[in-house]
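Colleague: Sequence:
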Amino acid sequence: MFGSLFDDERTAGVMTSVHTLPKPMPPNRRLPCGLSGIENQGATCYLNSLLQTLLYTPEFREGLFSLSDAELGSLENREKAKTRIIPLQLQRLFARLLLVDQQAASTTELTDSFGWSNNEELQQHDVQELNRILFSAIDSSLVGTSGKDLISQLYHGSTITEIVCQVCGKISEREEDFLDLNVIVAGFNNLQDSLNATFLQTEIMKGKNQYRCSTCCNLVDAKKGLKIQCLPPILTLSLLRFSYDIAKGERFKETGKFTFPFELDMAPYCSKEEKPEDTTYELFSVLIHSGCSSGGHYHAFIRDVDCLGKWLAPDEEVSGSTGTGKENNCNIQDPVVLIKAILSDTEDRCLPIEFLSSEITKWSGMNWNKKFKSTFGTIGKFLQKHNDVFYFNSSTNIVYLNAEAMNCDPAPDCSTASTSSMDCTPSSPKETKKSAVMNSLKLNIFDKKRVQNNFGSVMQNWFDFNDSRVTSILVKDIEKQFSGKESAYMLFYRRKSLVRPLEARGNPRYMMPEKLLKLVEEENAELEKQREEYELALNAINLQVHLGNSYKCTNGVLEPKPNEINYLDLTIDKRKLLLDLKDSIFKLCSEIYPSQEFVLHTAREVPAGLHLYEELSESQNFETLKDLGILEGTKIFVWDGKQLGGEHFAIGVAHEPVLLNISVKLQNGETVEMSRGFPKTTTVTELKNLISNLVPLPLEDMRVCRLDLQGEETRLSPLNETHNAHTLSELSFIDGDNIVAESMKCNDSLHRKEMSSKVTVIVQNCCQGFIPENNPNPQLAELTIDLDSTVEKLRSLAVSKLNLDNNRSFILRKYIKSQSKRPPLHEHYTIREVGIVEASCLTIEEGEPPAPDQITIMFTVGIGLGDSVDFEVTVNKNMNVQECLRKMLCIAGLNGDAWHLRKTNWCGEPMEQLSLDGMTLEDESIQHGENLLIMEGRLPAKGFLSFSIWLFPTLETFASSQKGNEYMNGLHSGIENLLQSYGDAIKDDVNRSIKLGEVEISNESTVADLKNTILTLPSLSGLCLPNIRHLRLQILDNGRPGRVLRGLSNTLRKLKIQSQSLAARILYHEEDLMHSEILLNIRQRLPETKQYTAPFEMVWETTKSSGPKALKQAIADSVCCPIHRVVVAKHFPEKCQWLIIDDGTSSKKNTRKKRWGTGKSNLRNSPYFIKDGDTLGVKDRLSDPDDQDDFLTQQDIEGQEILRIAAENKRIKRQEDKSPSRCGEWMLGGSDRELPRHAKKCEVGITIHVDDFT
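Position 138 (the sequence shown) corresponds to 138 in the UniProt record's numbering; numbering is contiguous.
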């Protein structure tokens, strides 16, 4: 057995909401070539390649089909009678591959028939060995049947070894059978040279290798030669690509060039003269191995002898895979020619208009609206305009070619008897006509893939069978397999004299038993049913139909009437036309609009209420809902299109209403507060009139202001006569803005103060040397100053009021409770410009104020995240970053060059780093008062990234197959020795790590380049990995390995990787994760304890489903436990909590109502956010029946207590901050003054989970 010579398969203005499908996605249809692939069960690419070769060996396929159930038995009665399961399952598999309309078939039933019950499909094997074992199994299964000689007649040949005594001339012969001939690759350039050396050259047996002659009764010199005695119809050649290096003690792959012909003459190698037609062979299959001696992947290049598929040039096949596959001679720029070609391609020369739109997309690659609408208008108008070519029946929505229309009734009407091939019935003419045409299309769509090809040449009709993908290839692609890491491994030749009957060409049903034909017909029907149901579910959208008579219009805004049903739910297929939507709405609203005279508008809920946008006009009747942008959750408003409740109102984006909060203070001191919506086009004059109508406040006595709330600042901006003609949109009003209206006779001191030009501020003396010893309380000064005065004047007033030394320099800072230290104020700015408002609090301290061209930078050292800034520095804004960093390091008392600067976000977290390549602070947009972070580590050059590499222990992998492989055992020992060299640092702890070093690499480098660079680190230099796929890299997230770096060819820039720490793990097997695969850590709960087993890794494939049931099934398979007994929970280490993943089958009742379906949700989204590196706990209900929901460990309980204490301390601190502050608690000392009413609250960071799109 050759170990791991392959790897896993490479897989290739309207409100909307996520549409969750209730049905799983059915298998994909066949690819444009019309041939089916085989699914990889995990590591069965070697099996898939051989099975495809056997399928496209016509003689083997027909010999298998010739065996009846009377000989083989029946799978339905295998429990009662003896059944030959392997041939039966091979028959079924071949029938599915030939006729079932799916991209790839499954081999699960076949491998089950092999008796594989211990995850053998995940183990790695050699295809040459499989070839012999499978033939032996088939041979044994067919004993006693008419096919008992199937293998021997097709594949068995014989060789004869001849030894000639050089003394007496006696000839000794020994005949041996073979299934495949071993061909030596090492030392030869082509197949013919290797065969010549094997069969034409003789070996001289002399010296120690003398031959004992039975006639001479002595050791004598002799000549030994090998010849072929009998050639089989199918000749199999196994290329010996793998050799053993005795000096190194390891196996290696021969990657040198080794050519082979498409036509092979075996006559020179036969022991007797044969007919030329019996010794000439044609190549029809090449099994290819890519990789090295310890790992790789198998696929097969196979010639379609019977032309069962459609060979397309590779560039045509790519375009065909997108859904076209039509003749390219159609001038798709001319819609007349395009539609004529589409209708001519149908059997009845007609199509319903919705199917015609779909075909236009398939043929041209774009839908009608995107390609032709701007030039030719809607498709309905275009067809009516070209009535000389097409006939469009508006009653049935069917388009005919004009010639076809003239042959039948000029106005086809399904209500009368028709001689058309479409069997119309008077009960439902429209639907019957559509379904008849669609059924006609379905009957022909599969057979159109099978076209008559050129059958004669061995150089044609070649396909690449790569697991589930089948693609056409050229001869030059085969020649590329002569050498390299991806090269030919087995060759299958077919005797040229084997002539195929004409009825077999292009006929996949040839020789197939009726029972199998019926089986594939049933499976095709079931698949078609699944696809139709899936398409219906995929395209079904839920709409809200809002009825106009249930709404009233107030001030140009729609408001629902109380105690009335505002809308009706409607489910419809988004592929249908707008005309179909109108019919459905008419059925719902026939009592309200009996004449079907209504207008439809798309609507949307805005804060002010419901608003109408685009009209769905008559000209759009023949456009699909999808093209019109009507998707899931769209609101449709139904009304007469003129007025609502006798009042007209404007529609569209320009008239969208704005929700305003209005506060009106009347003359008697009473305050009226309300929220109303107003169109954006409302002028200030109209707004004042509307407010006057709502409250008892005369227009001539009304003063209206706009209230702006900006943090602690509150400003009133009057809306005077200069604003009367401006609209709300022009004044930039948005939802939630505040309007204050009051009587001009109202004596409001707050208003007078806000409208005045002076403010009162409080300044605290924070100068350490100027606080009298007999007065430990802070010195405060209450100052009133004009808003247009400078900060310098305010500072002079404070110095004078606090009796400070005028000969010293002082600076002023803003003081805001719960915020960190603020930068000093520039003295050349005015009070208004620096944002000082009424009751602002300032501090004064000794220091030199910043000049106009200077900025003050607040900085700290380390990882940030604290509320206080440790240091500050005042520098020129044109200083370069490198010089500024040196000055900061001097202030902080740090030495060395291994430091760099980073910006921070609002909560102090490190953000992007500043460039040290001559950039100034102004170039980097560093502002006055900005917080920067000094972090350890040398900044890499521009365009380069720096990574810290941490080695984590290797975890066990589900169904790992490294045991028993000598090389893998050696790798395991090497890893253990590496870990032991670091002592007990990470022994028996999967979360601890050791630092391997730092690497620096260009951001344009690929993941493969990064891995190769890491392998050059001194710690890993002594560890010989077979290839870089044995090294996994993950991004460290809070000290834990997280996201896996996928795709060896992806650049670091494309993956959006920044300089950071990476986790490295050495793997015992190759790994190349796809984007649909998630790497999870699985831990099993030990019964009656709060402990878990050691974690093992599991790769979860989410291509078909990423829901809870799919995950539980994968975990159940990995832990060998029935799915109904498995309970799974995700661990959130930051919260020390476990969240149970519910698939809707739990026996416990969940009292909390969820907004999503439990069994249908995507686990990548809220609330689970399953991603790489997550830890999942698994419990068996049977072993722990009384405590199914408890996943906590002792560490979790202790961690929760620590978090509870921290939260309690934070709560107490918040309460203290909110309480009135006195003396030392707040800067106002013994004053009874409280905190400002609108003090800024502590902000909480928003965490957004983004799904990885790179």
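These are calculated hints, taken from the structure and not from any lab test.
Note that beta-carbon positions come from the ideal geometry of N, C-alpha and C, so glycine has one too.
Heads up, some of the hints might be wrong.
Just the calculated beta-carbon pair ranges, DEER-fashion [unchecked claim]:
no., residue 1, residue 2, range
1, Pro268, Arg174, 20 to 28 angstroms
2, Asp708, Lys1135, 47 to 55 angstroms
3, Asp1190, Asn119, 43 to 51 angstroms
4, Ser1076, Asp1189, 27 to 35 angstroms
5, Pro268, Lys82, 43 to 51 angstroms
6, Val389, Lys529, 34 to 42 angstroms
7, Asn1209, Gly943, 40 to 48 angstroms
8, Asn1050, Lys887, 20 to 28 angstroms
9, Arg174, Leu1023, 46 to 54 angstroms
Keeping only pairs whose Cα atoms sit at most 20 angstroms apart, straight-line, the calculated PhoX-like set for lysine-lysine is [said to hold, decoys possible]:
no., residue 1, residue 2
10, Lys1090, Lys1056
11, Lys529, Lys370
12, Lys272, Lys224
13, Lys821, Lys1213
14, Lys362, Lys574
15, Lys227, Lys275
16, Lys801, Lys758
17, Lys1135, Lys1171
18, Lys887, Lys903
Colleague: Next, verify each hint and record whether it holds.
Modeller: Hints and how they fare:
For Pro268 and Arg174, the Cβ-Cβ distance of about 21 angstroms falls inside the hinted range of 20 to 28 angstroms, so the restraint holds. Distance hint check for Asp708 and Lys1135: the Cβ-Cβ separation is about 39 angstroms, which falls outside the suggested range of 47 to 55 angstroms. Remark: the range hint 43 to 51 angstroms for Asp1190 to Asn119 is contradicted by a beta-carbon distance near 31 angstroms. Judged by the Cβ atoms, the range 27 to 35 angstroms given for Ser1076 and Asp1189 holds: they are separated by roughly 30 angstroms.
Between Pro268 and Lys82 the beta carbons are some 47 angstroms apart, a value that agrees with the proposed interval 43 to 51 angstroms. The given range of 34 to 42 angstroms is respected by Val389 and Lys529, whose C-beta atoms sit roughly 37 angstroms from each other. Distance hint check for Asn1209 and Gly943: the Cβ-Cβ separation is about 46 angstroms, which falls inside the suggested range of 40 to 48 angstroms. Between Asn1050 and Lys887 the Cβ separation comes to about 40 angstroms, which falls outside the hinted range of 20 to 28 angstroms.
One distance hint, 46 to 54 angstroms for the beta-carbon pair Arg174 and Leu1023, holds here, with the actual separation near 49 angstroms. For the suggested pair Lys1090 and Lys1056, the alpha carbons sit about 40 angstroms apart, so the restraint of at most 20 angstroms is broken. At roughly 31 angstroms between alpha-carbon atoms, Lys529 and Lys370 are farther apart than 20 angstroms, so this suggested pair is violated. This hinted pair checks out: Lys272 and Lys224 have alpha carbons roughly 17 angstroms apart, not beyond 20 angstroms.
Taking the CA atoms of Lys821 and Lys1213, the gap is near 19 angstroms; set against the 20 angstroms cutoff, the hint holds. Pair hint Lys362 plus Lys574 holds up; C-alpha atoms about 18 angstroms apart against a cutoff of 20 angstroms. Using a Cα cut-off of 20 angstroms, the hinted pair Lys227 and Lys275 holds, with the two alpha carbons roughly 16 angstroms apart. Distance check on the hinted pair: Lys801 and Lys758 sit about 18 angstroms apart at the alpha-carbon level, within 20 angstroms; holds.
The straight-line distance between the Cα atoms of Lys1135 and Lys1171 is roughly 17 angstroms, inside the 20 angstroms bound, and the hint therefore holds. A hinted pair counts as satisfied when its Cα atoms are at most 20 angstroms apart, and Lys887 with Lys903 qualifies at roughly 17 angstroms.
Taken one by one, the earlier hints fail for this structure at numbers 2, 3, 8, 10 and 11, listed in ascending order.
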